Amino acid sequence: MTVFNLTTTFTPQGDQPAAIDQLVSGVNSGRKHQVLLGVTGSGKTFTLANVIQKTGKSTLVLAPNKTLAAQLYSEFKLLFPENAVEYFVSYYDYYQPEAYIPSTDTFIDKDASKNELIDRLRLSATYSLLTRKDVIVVASVSCIYGIGKPAVYTSLKSEISVGGVVDKTNFARQLIEMQYHRNDIAFERGNFRVMGDTVEVYPAYEDGTAVRISFWGDEVESIELTDPLTGEVKQQIDTIFIYPATHYATTYSTVENALDNIRTDLDIRLEELKLNHQLIEAQRLEQRVNFDIEMMTETGFCSGIENYSRYLDGRKPGEPPFTLMDYFNDDWLMIIDESHISVPQIGGMYKGDRSRKTTLVNFGFRLPAALDNRPLKFEEFEKKVKQLIYVSATPADYEMEKARQEIGDENIAVIQQVVRPTGLIDPEIEMRPSDSQVKNVIEEIKQRTEKNERTLITVMTKKMAEDLSTFLKGEDIRVRYLHSDIDTLERVEIISGLRKGEFDVLVGINLLREGLDIPEVSLVAIFDADKKGFLRSVRSLIQTMGRAARNVNGKVILYSRETTPAMKTAIEETFRRREIQKEYNKKHAITPQTIIKSIDDVFSSIFEKDYVDLENDPIEMMIRQTYSEQKNRKLATGKSKK
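In this note's numbering, the protein residues as written are 116 to 757.
Bear in mind the hints are in silico, worked out from the structure with no lab data behind them. Since the model is a prediction, treat every value here as computed from it, not as a measurement. Keep in mind that a hint or two might mislead.
What the hints assert, rightly or not - Computed list of lysine-lysine pairs in DSS-like fashion (alpha-carbon distance at most 30 Å, straight line): (1) K181 / K702; (2) K561 / K646; (3) K670 / K615; (4) K554 / K683; (5) K466 / K498; (6) K431 / K501; (7) K192 / K501; (8) K181 / K283; (9) K147 / K169; (10) K615 / K554.
Please work from the sequences and hints to get the whole structure.
Structure follows, in structure tokens:
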């Protein structure tokens, strides 16, 4: 019997039943690599939820960014209200890693702003993994970064039972060792307080639930779960496990052993630097490391303690760090969403981190052990994963090859989900000469504007986007442009404005691809479609053309002088999907209709929502609050400049 309870009034439709059966069969038979090719709007999240429910495996869902991770979290939370659905992304709202620029002799110290809500959610994720079997964790690439050894984290937990004998003083010391802070006034997450014969602890991974332990001498008289604000008793229990307040908590003996090893490595490194006549670097390293040693001796902690994680974890030089994946049991499933983006991300994290830290080590800012405070290498990631499902409308060669190696037949290796439950079909595609692309697209725009429909235009460069926007404005067309120089919050405003009809045309480059969900768009015009490069690759073309698939009048115009192999493949694939979709609609008497979607939510347009809206979700509320605060700050800054 499965441990997951999928709660929904929806039933699988279209290609979903077959996709679910194939994926479940593959997981149960032990296949390591499977590919789900699902077009935009085909209900991939619902399919995956059914797979999780039927296989009963704890699951890690990797998304390419925080926003898409938040959306997936919201959807899974609604589908599995009785199970542990967790969110694991970087807890930094702002992060500037320490770095050194040799050419200008500039050291940039670490600067970060930590988000307390996300910190709690990260701790909640590992707590659920260690205490439950019905866990779904939605994560960003943060899941491949080190977070501390699971065995140490688990060994530090404190078990308290009614009737047990516990020395209150030793218990308080144990809480401090777990990185809880005593504060008898401000009772906040990660704190504890002592009042007479009562000790109250607010676990760092809990939301609105504290633990009150009452003693009679050294005997535990009662354990109550309480509201930390009102003190109201929610529940009486017999036993409680309290886990550390941070993933980096460790024992005093471990710290002492680590300090001995740090001193030894410091002496070795200082000798190397002096032999190379790097006397300034040697002096700098000696001062910095000795200061850190003093801090760890006194408090068990220091700024940048993660750079000593190899010593604290007991790892050898070069060994991979312990990550979120090490907190899963031996039988778990991983799903990589938008895999054509996410997989390259995984491979790129290590190289960038290594380059920055090598400079710090070479110039005496860090010991060589800092190089082992890193994300996983791609080959290490591959070894840790048990079973994988890659999900994308345009799977990359890597995913296809991995699935093909296990099956041998690509037609079976890739599981298709082409039919949309809404009946919408992929857009029509027309090819027109690029010589008159601007003049022609103006005529097309005016036709759409009369119908209150929107247009997306993709070009090759930022300057082209800006110049085309300026020209179209001269033709009395309401237009905006979108490219990487525009910050995330302004992008949201621009997309919201397009949906609300504040303007009719959006010109962009590479941002008009994955996850952009605008039902009002009925035309996607791709300028210079025959240019070679990643912006006009098969996957880029298919993803961009998919932006017109939310409207029943969806149409794509490819402006070019010739038909490139990429264009030919993209057109053939779109035509193949259209034929399958039309045949299904005819067979089941389905009339396609444009998706009707509220435009009050400015965030829902920047990621794909399969079929649900979740109100008052803490993650979405956090994103909205951050958006509102930064928008107000931006407005205030603008006024002050005036």
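Tested hints:
1. K181 / K702: violated, 40 Å
2. K561 / K646: It holds: about 27 Å lies between the C-alpha atoms, which stays within 30 Å.
3. K670 / K615: holds, 21 Å
4. K554 / K683: The hint holds at about 25 Å.
5. K466 / K498: Given that 30 Å is the threshold and the Cα spacing comes to 18 Å, the pair holds.
6. K431 / K501: OK: K431 and K501 at ~24 Å, within 30 Å.
7. K192 / K501: holds, 24 Å
8. K181 / K283: violated, 42 Å
9. K147 / K169: holds, 17 Å
10. K615 / K554: holds, 26 Å
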